[in-house]
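Enquirer: Model the placement of chain B on the given structure of chain A, informed by the hints.
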Amino acid sequence: MDHFDTAVVLSRVLTSGVIMSIERNDRELPALERLLRKVGGRPHVTLVNSVTAGLHSALAGRRLGHGDDVVVPALDDAHRRFLAWLGVRAREDGTPAFAYLSAGPADVGRLGPLLATTAGAPAVVLNLTGLGFGPAAAVLFDDEDAWRRAERLKIFGTFDLRTMWTQTEADDGVGGVQFNYRLSPLVAACVRMALTTQGARA
Amino acid sequence: MNTDFPKAPLPLPRAEDVTDELAALDGPSIIPAGLRRTVFPVITKEDVFKMLLSTRIDPAKVVADFTEAYREYVGAAHAIPTASGTSSLHLALVGAGVRPGDEVVVPAFTFIATAQAVVAAGAVPVFADIEPDTYCLDPAAAERAVTDRTRAIMPVHVHGLPADLTALRAVADRHGLALVEDASHAHSARFDGRVAGSIGDAAGQSLMADKNFPVGGEGGIAFFASADAHARAVEYVERHGIDYGMSWIVASFGASQLERLPYYDEIRARNAARLAEVLGETGLFSAPHVPEGRTHAYNMYRIGLHPDAVGLGDLPVHAVKEVVHELLVAEGVPAREWQNTPIPCHIPFRRREGFGGGYPFSLNPAAARDYAPEDFPVTLDMLGSTLVLCRELRSPVEYERLERYGHAFAKVARRPDAIRKLVGGREFPLPHEKAARLG
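First to last, the sequence lines map onto chains A and B.
Just so we're aligned, residue 11 is where the first sequence starts under the working numbering, counting upward by one.
Just so we're aligned, residue 627 is where the second sequence starts under the working numbering, counting upward by one.
Bound-form chain A, shown alone (with noise of 0.2 Å):
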């Protein structure tokens, strides 16, 4: 990746102010957001800062944890022993919850053929930790309604930070624990670039 945008996309991202208040001028999470939902060619983009939260967030998603039994794609043994810390019995025999992919830098520049091989999934788990700027996944949605679960895993999620969560705002039947999967802008802005550099822009 070019250094000059390096410095200008950080020093954007510094000055800010998201460094230092959550609550504004956030430009990066959207941004990247947005690109992916057009590579991506789904309507819901939910960030997050580990490839492990991925996971969680699909299966939030689609109403899967503790106890259910969950058809999982090809995953490492880490990811296996994640699930497993959930509380859910993966097993590969038939149609998988949701897809898993990996994009690493020779991957950015086919990042749309790669997510078009998803078609049909309900939800992919995008990670993107192996573009080297540090732990960073996105999950791809369909279901509008399942995107929405998963923001709601996520402490300073999409609804924490509009509504600082109200009780009114949040009955769509989600009421369990909560991760800060957020995902740092710096590491957002970093991936958008590097996405955009490689010619991922759609």
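Hints are computed from structural coordinates only; laboratory data are not their basis.
Wrong hints could be hidden among the right ones.
[Stated by the list, open to error] If you anchor each label on the Cβ, the simulated ranges turn out as follows: (1) 1055(B) x 103(A): 53 to 61 Å; (2) 998(B) x 119(A): 55 to 63 Å; (3) 103(A) x 960(B): 51 to 59 Å; (4) 940(B) x 155(A): 46 to 54 Å.
For glycine and all other residues, C-beta sits at the position ideal for the given N, C-alpha and C.
Expert: The following block gives chain B in isolation, referenced to the frame of chain A:
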């Protein structure tokens, strides 16, 4: 390009501003509209250069170097960098020996992450009331909440004031419990000379935006007093395949901020002391109480209201608070409630779905209680009688802005007649009767 640089300077404060008509009654506001923008901490060339230099260093080393530097600053024996404050609390609890089905005593007044971290550890949060003067966990209430399934007590250094760790340690020792600090508000705060985060058996701390010591947007760090506790948390993360890793970009920003943290701390302390002087002269308002031996970090500044001191003692204090809040906002002071409901009355602890199917609450049904707001009378009193300033005391707030905040409080306090008139004839629900808010 958007800029945080002010478009115009605030005029210097004038003594007569205080006697003008209230802005809510069509007088001039203390801080005119258009000049109310919060100025964020200055990002310096060091921040940018350090980040660019970090692109040429092994990412793991960037994170490790930051972690070691901050661990040393805090004085804790061991540390694990994390992606968020919530995850740091989770690992602190695990390191302290909390296991599924255990109970952990937490204050009813805190940010929701404190209690959610307990659930993340597979344990059940048991809520106890706070002290009326510090707003931190009441040691006596914490002790009353202890059962034979309690594994830990997790006080929160609310707004940056350390909880009474001497008394809480005594409770923990009497019952064989771990003491875990939630130091998320308390960067550089001290208790008997020791830095918050280094005192308990373990501690978690948020380093997110809006904290006195923010890393690059999101982050956290867990501290451990013993090698065993540290090893337990490391092994737990590996065994369960959990990715709580901190990004090197985030750590890089934290490294340059750490060098500036003592300066930021001094500015906030100076501003807090100045505002306390002004509030102390109003009668209506009081500054945060800081017990002897403790250093408040002032991540937030919770101001008490005393209607009886200005002849309004016959009015409901929460009604006075709501009207005063409106008057202050009209004057240009961004005062807030910062929460209006005890945490156990928020949705996740009323529905208790946890990870699904009620886990881990199902492991310990006796601890999974239906709480009512009235179970926490001290918390309710505080919510009904205080207002909060958040980032308004932080560097680089201008001297004239700080003075004008003081003028606004003085101006409002001079007008009990207006407060009485505005309270009259209106219905004021109690704070916890309104939709619950996290911030």
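Enquirer: Run the structure past the numbered hints and jot down the numbers of the failing ones, going up.
Expert: Violated hints: none; all satisfied.
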